[in-house]
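Chemist: Each chain is listed here by its residues.
There are 2 protein chains.
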Amino acid sequence: MHEKQILKALHEHKDEHVSGDHLTSQLGLSTAQLSQEIEKLQEEGYHIDSSPLGYRLLKTPNRILPYEIQRNLATEYIGHEIHHYSEVDSTNNVAKELAEKGSPEGTIITAESQRSGKGRRGKKWISPHGGVWMTIILRPDIPTSQAPLLTLLTGVAVAETLKRECNLDVGIKWPNDILIGDKKVCGILTEASASKRGLDYVVVGIGIDLNVNVDDFPPELREGATSLQRELEKEISGVKLVQNFLLNFENFYNDFKNGQFQHILNQWRRLSTTIGSTVEVQKRGRTVRGEAVGITKEGVLILEMPDGSLRKIISGECTHFKGE
Amino acid sequence: MHEKQILKALHEHKDEHVSGDHLTSQLGLSTAQLSQEIEKLQEEGYHIDSSPLGYRLLKTPNRILPYEIQRNLATEYIGHEIHHYSEVDSTNNVAKELAEKGSPEGTIITAESQRSGKGRRGKKWISPHGGVWMTIILRPDIPTSQAPLLTLLTGVAVAETLKRECNLDVGIKWPNDILIGDKKVCGILTEASASKRGLDYVVVGIGIDLNVNVDDFPPELREGATSLQRELEKEISGVKLVQNFLLNFENFYNDFKNGQFQHILNQWRRLSTTIGSTVEVQKRGRTVRGEAVGITKEGVLILEMPDGSLRKIISGECTHFKGE
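Line by line, the protein sequences give chains A and B.
Numbering follows UniProt numbering, in which position 260 of the first sequence is assigned residue number 260; successive positions increment by one, without gaps.
Numbering follows UniProt numbering, in which position 90 of the second sequence is assigned residue number 90; successive positions increment by one, without gaps.
So here's chain A without its partners, still in its complex pose (with noise of 0.2 Å):
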């Protein structure tokens, strides 16, 4: 209850101690409940120094909890409201039944850890403590078929956030993987609910590798992932990361809404690392093997063919071949 005004307190007089007298008369709470509240906090990770002068903050916890989130978020609507879990089996699933009762657009959903994360095609996606598990609730008034659309513009903003923020080389193998050099270090999981009225909502779930060991991961997944403690070499904030995400994605988002989607699909069509490879996809066991030569307007990826004839691939799982 009292969380985030004590730690807003705390984090305004970062330098100096603050006078428990002056927290329990502002907060109207008694020096027992005062103490008890700085428990929870100290469990939660907080450093906090507590003196005859009162208490200070020394070290926040590197951890996405919702009131560092909303502090200094400098989005409109995305984050205002969060829903934050230590473990759920799925962030997509949470948002789904949240969804499903109301919560407004713009609503994310976070979790610590994930018993049952999903990727796509009904693939695990391994979730432990250290990643970035997120999912946001979206409602926009678009027609169904616009909604892959969606994975494409969170891609992008998922690619530009990394570029910026950690200034890595990043490209996006379609249609939704973020890649340091060949290997994964972001998914992305769109889900829509539409009904005979068209599109009800949209849940966008994404798993980024932050300060995850990756040598924890079963022996087929570990060889094609990594993580940004990995490429950096130092453990990342991922409060910051998080914050600059939300922003990126609502102005995208924003563009979107607005029909001003060609400019998000350049930027794909310029990170894309697939656009100029020899690629396989494969769906419902069979195969097509071609070179990726361009991407529709529809998020749809063309093919050239040895023949020279060309081929549009809706969906499918695709791998990267090297080589001209």
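Just so you know, the hints here were simulated from the structure itself, not pulled from any lab data.
Heads up, the beta-carbon is just placed ideally off N, CA and C, and yes, glycines get one too.
Please note that a few of the clues may not be correct.
Just some of the chain A residues that point at chain B, by a computed CB distance under 10 Å [to be verified]:
1) Arg270
2) Ser277
3) Lys283
4) Gly285
5) Arg289
6) Ala292
7) Val293
Straight-line Cα separation of at most 27 Å, BS3-like style, residue types lysine-lysine; simulated pairs [stated by the list, open to error]:
8) Lys283(B) / Lys173(A)
9) Lys312(A) / Lys297(B)
10) Lys163(A) / Lys96(A)
11) Lys297(A) / Lys297(B)
12) Lys173(B) / Lys123(A)
13) Lys297(B) / Lys183(A)
14) Lys183(B) / Lys312(A)
15) Lys283(A) / Lys173(B)
16) Lys283(A) / Lys297(B)
17) Lys297(A) / Lys283(B)
Pair by pair, the computed Cβ-Cβ distance ranges are [unchecked claim]:
18) Glu317(A) / Lys297(B): 20 to 28 Å
19) Pro66(B) / Arg164(A): 55 to 63 Å
20) Pro218(B) / Arg197(A): 55 to 63 Å
With chain A's structure known, arrange chain B on it following the hints.
Modeler: Relative to the frame of chain A, chain B by itself:
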């Protein structure tokens, strides 16, 4: 004859006078001959102070003179032989004559103005004083079908040079116009000579509107054209620009000859303002309109037609339309 050596000596002692005695004895000239050579340089635009102390170089003319290009030129072979003309019908025509006579790969032809500069499809290319009018002779060992890739390569080399040297946001309009905003600043004309034995030589003509007054252009060209001087609101040094272009060109061309064209094509795609635009392509009186969605590794443009079908456009005159 002795021009280069005199300039070399003057450039090396830029802050001091070089004595006449020193120059005459070093170059084996009489005082009268030296004085004549100095006068010739002064006529070419070099400001040279002449005093009892000797000669001192005050200012180099902003002209693309061979000696100035070759001073500090970092290339291995491009531009090591330069044929310079104050006026010429077309540098491409001179290049073809020289290529027929055996001029080596990398020879460049420069002119201060062209009487009948050539654009694509037999169009005239306006070439007044102040521009870069240049042709490069190439003798690549490639199939004739690959010659058009040299146009794409040159476009990327020009665009990269303008981006880096002038910090301009340039784009490429398929296949070979370099634009700033929606105005053309550079055109490229590639002409190949092939026989039964295969490709004999290729000449790549590059026209850059450097310090050119676009207002002097014929009305029908004026609106679609710009110059570097206009964009940057100052006179630009042509020598540095040409030197950097030649180096960029050589690097890309070496990659091309080594079969490494993919990254050049990807760079082309990133610089392209055509991909993502609605375009109209005219060829032989017929017009095709669609959404430009990609380019193949042969440089063929791919259009998505209103009915969703894909169409390859090998060549033609392309116009962009605004909007989604």
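Chemist: If a hint holds in the structure, say so; if it does not, say that too.
Modeler: So, going through the hints one by one against the coordinates:
1. Arg270: Since the shortest Cβ distance to chain B is 5 Å, the answer is holds.
2. Ser277: Ser277(A) check passes; min Cβ-Cβ to chain B is 8 Å, inside 10 Å.
3. Lys283: At 19 Å from the nearest chain B Cβ, Lys283(A) fails the 10 Å test, so the hint is violated.
4. Gly285: Violated: closest Cβ of chain B sits about 25 Å from Gly285(A), beyond 10 Å.
5. Arg289: 15 Å, violated
6. Ala292: The hint holds - Ala292(A) has a Cβ within 10 Å of chain B, the shortest such distance being about 8 Å.
7. Val293: 4 Å, holds
8. Lys283(B) / Lys173(A): 35 Å, violated
9. Lys312(A) / Lys297(B): 17 Å, holds
10. Lys163(A) / Lys96(A): 30 Å, violated
11. Lys297(A) / Lys297(B): Satisfied, since the Cα-Cα distance of roughly 20 Å is no more than 27 Å.
12. Lys173(B) / Lys123(A): Distance of about 42 Å is beyond 27 Å: violated.
13. Lys297(B) / Lys183(A): 25 Å, holds
14. Lys183(B) / Lys312(A): It is violated: about 33 Å lies between the C-alpha atoms, which goes past 27 Å.
15. Lys283(A) / Lys173(B): 35 Å, violated
16. Lys283(A) / Lys297(B): Since the Cα atoms of Lys283(A) and Lys297(B) sit roughly 25 Å apart, the hinted pair holds (cutoff 27 Å).
17. Lys297(A) / Lys283(B): Answer holds: Lys297(A) to Lys283(B) is near 25 Å, not above 27 Å.
18. Glu317(A) / Lys297(B): 20 to 28 Å: Distance hint for Glu317(A), Lys297(B) holds at roughly 23 Å.
19. Pro66(B) / Arg164(A): 55 to 63 Å: 44 Å, violated
20. Pro218(B) / Arg197(A): 55 to 63 Å: 58 Å, holds
In summary, the structure is inconsistent with hints 3, 4, 5, 8, 10, 12, 14, 15 and 19 from the numbered list given earlier, while agreeing with the others.
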